[in-house]
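Chemist: As a plain string of letters, each chain reads:
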Amino acid sequence: MPKPANSPQPENPAQVIIDGAVIENAWRLLPQADDDVEITADSLAPGNVILPYKLWRSLRDDLAERAHEIGVWLDSDESAELLGEDAKSLPLIAVHFPAFADGRGFSTGRLLRERYGFEGELRAVGAFMRDQLTYLRRCGFNAYAYEGQQPLAGLLESLRDFSDSYQAALDQPLPLFRRRGLA
Amino acid sequence: MYRYDDRDRAIISDRVAQYRGQTERYLAGELSEEQFLPLRLQNGLYIQRLAPMLRIAVPYGLLNSTQLRRLARISRDYDKGYAHFTTRQNLQFNWPQLEDVPDILAELAEVEMHSVQTSGNCIRNTTSDPYAGIARDEIADPRPYCELIRQWSTFHPEFAFLPRKFKIAVSGSEQDRAAIRLHDIGVQIVQRGEQIGFQVLVGGGQGRTPVIAEQIREFLPEEDLLSYLEAIVRVYNQLGRRDNKYKARIKILVKALGAEEFGRRVEREWEQIKDGVDRLTPEALAWAKGFFTEPAYQAFDGTASDAALQAQAESDKAFSRWLERNSFPHRVPGYRAIKLSTKPTGVPPGDVTDRQLEAIADLADEFSFGEARVTHDQNAVLADVQQDRLLELWQAARKHGFATPNIGTLTDMICCPGGDYCSLANAKSIPVAEAIQRKFDDLDYLYDLGDLNLNISGCMNACGHHHVGHIGILGVDKKGEEFYQVQLGGSSSENASLAKVLGPSFSRAEVPEVIGKILDIYVSQRQPEELFIDTYNRIGLQPFKESVYAKAS
Numbered sequence: 001m002p003k004p005a006n007s008p009q010p011e012n013p014a015q016v017i018i019d020g021a022v023i024e025n026a027w028r029l030l031p032q033a034d035d036d037v038e039i040t041a042d043s044l045a046p047g048n049v050i051l052p053y054k055l056w057r058s059l060r061d062d063l064a065e066r067a068h069e070i071g072v073w074l075d076s077d078e079s080a081e082l083l084g085e086d087a088k089s090l091p092l093i094a095v096h097f098p099a100f101a102d103g104r105g106f107s108t109g110r111l112l113r114e115r116y117g118f119e120g121e122l123r124a125v126g127a128f129m130r131d132q133l134t135y136l137r138r139c140g141f142n143a144y145a146y147e148g149q150q151p152l153a154g155l156l157e158s159l160r161d162f163s164d165s166y167q168a169a170l171d172q173p174l175p176l177f178r179r180r181g182l183a
Numbered sequence: 001m002y003r004y005d006d007r008d009r010a011i012i013s014d015r016v017a018q019y020r021g022q023t024e025r026y027l028a029g030e031l032s033e034e035q036f037l038p039l040r041l042q043n044g045l046y047i048q049r050l051a052p053m054l055r056i057a058v059p060y061g062l063l064n065s066t067q068l069r070r071l072a073r074i075s076r077d078y079d080k081g082y083a084h085f086t087t088r089q090n091l092q093f094n095w096p097q098l099e100d101v102p103d104i105l106a107e108l109a110e111v112e113m114h115s116v117q118t119s120g121n122c123i124r125n126t127t128s129d130p131y132a133g134i135a136r137d138e139i140a141d142p143r144p145y146c147e148l149i150r151q152w153s154t155f156h157p158e159f160a161f162l163p164r165k166f167k168i169a170v171s172g173s174e175q176d177r178a179a180i181r182l183h184d185i186g187v188q189i190v191q192r193g194e195q196i197g198f199q200v201l202v203g204g205g206q207g208r209t210p211v212i213a214e215q216i217r218e219f220l221p222e223e224d225l226l227s228y229l230e231a232i233v234r235v236y237n238q239l240g241r242r243d244n245k246y247k248a249r250i251k252i253l254v255k256a257l258g259a260e261e262f263g264r265r266v267e268r269e270w271e272q273i274k275d276g277v278d279r280l281t282p283e284a285l286a287w288a289k290g291f292f293t294e295p296a297y298q299a300f301d302g303t304a305s306d307a308a309l310q311a312q313a314e315s316d317k318a319f320s321r322w323l324e325r326n327s328f329p330h331r332v333p334g335y336r337a338i339k340l341s342t343k344p345t346g347v348p349p350g351d352v353t354d355r356q357l358e359a360i361a362d363l364a365d366e367f368s369f370g371e372a373r374v375t376h377d378q379n380a381v382l383a384d385v386q387q388d389r390l391l392e393l394w395q396a397a398r399k400h401g402f403a404t405p406n407i408g409t410l411t412d413m414i415c416c417p418g419g420d421y422c423s424l425a426n427a428k429s430i431p432v433a434e435a436i437q438r439k440f441d442d443l444d445y446l447y448d449l450g451d452l453n454l455n456i457s458g459c460m461n462a463c464g465h466h467h468v469g470h471i472g473i474l475g476v477d478k479k480g481e482e483f484y485q486v487q488l489g490g491s492s493s494e495n496a497s498l499a500k501v502l503g504p505s506f507s508r509a510e511v512p513e514v515i516g517k518i519l520d521i522y523v524s525q526r527q528p529e530e531l532f533i534d535t536y537n538r539i540g541l542q543p544f545k546e547s548v549y550a551k552a553s
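Chains D and W, in that order, give the protein sequences. Residues in the first sequence are numbered from 1 upward in steps of one, following the UniProt record's numbering. Residues in the second sequence are numbered from 1 upward in steps of one, following the UniProt record's numbering.
Any given hint might turn out to be false.
Stated by the list, open to error - Here are some of the chain D residues that sit facing chain W, going by a computed Cβ distance under 7 Å:
#, residue
1, Y53
2, A101
3, D102
4, G103
5, R104
6, Y116
7, D131
8, R138
9, A168
10, L174
11, P175
12, F177
13, L182
Simulated from the structure, these hints should not be mistaken for lab results. We treat Cβ as the ideally placed atom computed from N, Cα and C, and that holds for glycine.
From just these sequences and the hints, can you work out the full model?
Modeler: Structure representation (structure tokens):
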């Protein structure tokens, strides 16, 4: 399915939440570009950069020496499986939520962590809501480039809306039925 | 029934605090309408035509008397003194104030209740057989599995923003009283040798595009229930359409891929997770089953008890009618289950007053071990009543307006709130139900017609289940006027079928007359012992059509 020309793109907020703290955003995310805009490994400015998946795929070999400062972002219709085993070698993966109601990214995050062994920074980008932070955290996200109202510090408490949970997830290795102390 | 421990209580009390904060942010203008919408919906709060509507979760329909009394009190303190039983075995309040909802949730939490995921694009209340645990034809009690599903699905971090709402139903017997074939996932308990397991169906649903679910797994071992559900919902979350809300249910995905291919993808996903921590341990299964053990039944001589009841029935025709229509056989000798009808003429189907909720609580305490059940046909069940006390129960139920002996008959309709309340409706449905009840008020005639499901929806979203009524009525908008389409031949049973449209629609005033003509054809064409749906299946739509649309000569 071709994307509409004006499909929403993630922004680059000045600050992000990482591991429960508000810090300066040290990564620059490139939006998806039209096919006629040519970006090459040489034209890419130095520094930490998050490339859209397709661009990363075409440039990855040329960028091998800069691998530590090259992250990838997946759009909501790009599954964790596309990165597969490559995920492990990336320093940062961002997952885009083009709308808060588009919940595909929750599965993507979880699969990157649980199935493909990704241990780097997993960053939620796009239009997710403050009230989704607990779910995002439980699905393995540890970084949030929140585009809504600032200051970010007010959001931190929403990372811990719940003190316990029924399911196993990235924050809790066992479902509650395995933790109730049943004989 | 299931009882919370400290952990369940902590989760629900965290939720009350979270929702209180969200409501405060909304009222302070920090959250826009659009941002607040999914938050309140996941909490069962709709904004209807006249007021908000709050839907309370009643897990698989089960309530104890303490909960019933609390619901009565809430309806009195925060609403207009009545509530509504829904087709998902839940309960709705029609007039709460948005600002009061956090307080209502706090009151519910005190009696181990909540409104989590009763709306929104997430996994909804799991429904089941209202006769779970007592039906004679039951393979295994579905409630422990429903409870495990409830816990697994509650605040599931991966599945709170699915493409569309998601409904699961579990049936413990082959005779399907939970409409599992009309659910996103239908779970049928089956037995292989000594082993309990599940047949898994996917892709059923009503709404604009009714579909009957298809099997993707013939036998799933008991311990694999949750991991398999996780695999299904994960595949759906990733592949379900999100570009058009009318094509976003899992049924559309299953149709697009084909059930076989969809099943293959589920199996492939499941292979990866089936040996993980979601596999149910023997301890967890035993623990869940431990909440649904037998109450302290007395030992009766079944034959003697049946004979005594028979004698009582013979001496009182009204009691006998009630017994025939409103009771259900019990697997324990000397007991029966009783359905309290919420469908006397002139009351919106499923509506109960605060006093009636308290009366159900009293009757449950007095006659049925303190528990009651909400049914998907919007009535209430007392599941464990001694036969030698049925006469007493009947007299008490009559006093509270619950003893209308019409269960399973034409006037025991499933009916959505319709245009009187709902902002989606094209037409009113409650006045249609009432007009039909008024026209067909002769009990002998109703009994002669026998089992007959008439379902009414005020719009194509099908909350009144018109697709699966033996007779279905659908409200439609015709150039700004309310009209009604009539459909025949639907069923939500194990022989599920979708009703077919009879022909052009009718004005509201015409509907009772049209139903009368349809019933006349049935009565004149039926063979001995043949129910309406069987006659329809034998003779088809045509004879009904000819009669209803015949030109007056």
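Chemist: Work down the list of hints and note, for each, if the structure agrees.
Modeler: How the hints compare with the structure:
| no. | hint | in the structure |
| --- | --- | --- |
| 1 | Y53 | violated, 15 Å |
| 2 | A101 | holds, 6 Å |
| 3 | D102 | holds, 6 Å |
| 4 | G103 | holds, 3 Å |
| 5 | R104 | holds, 6 Å |
| 6 | Y116 | violated, 11 Å |
| 7 | D131 | holds, 6 Å |
| 8 | R138 | holds, 4 Å |
| 9 | A168 | holds, 5 Å |
| 10 | L174 | holds, 6 Å |
| 11 | P175 | holds, 6 Å |
| 12 | F177 | holds, 4 Å |
| 13 | L182 | holds, 4 Å |
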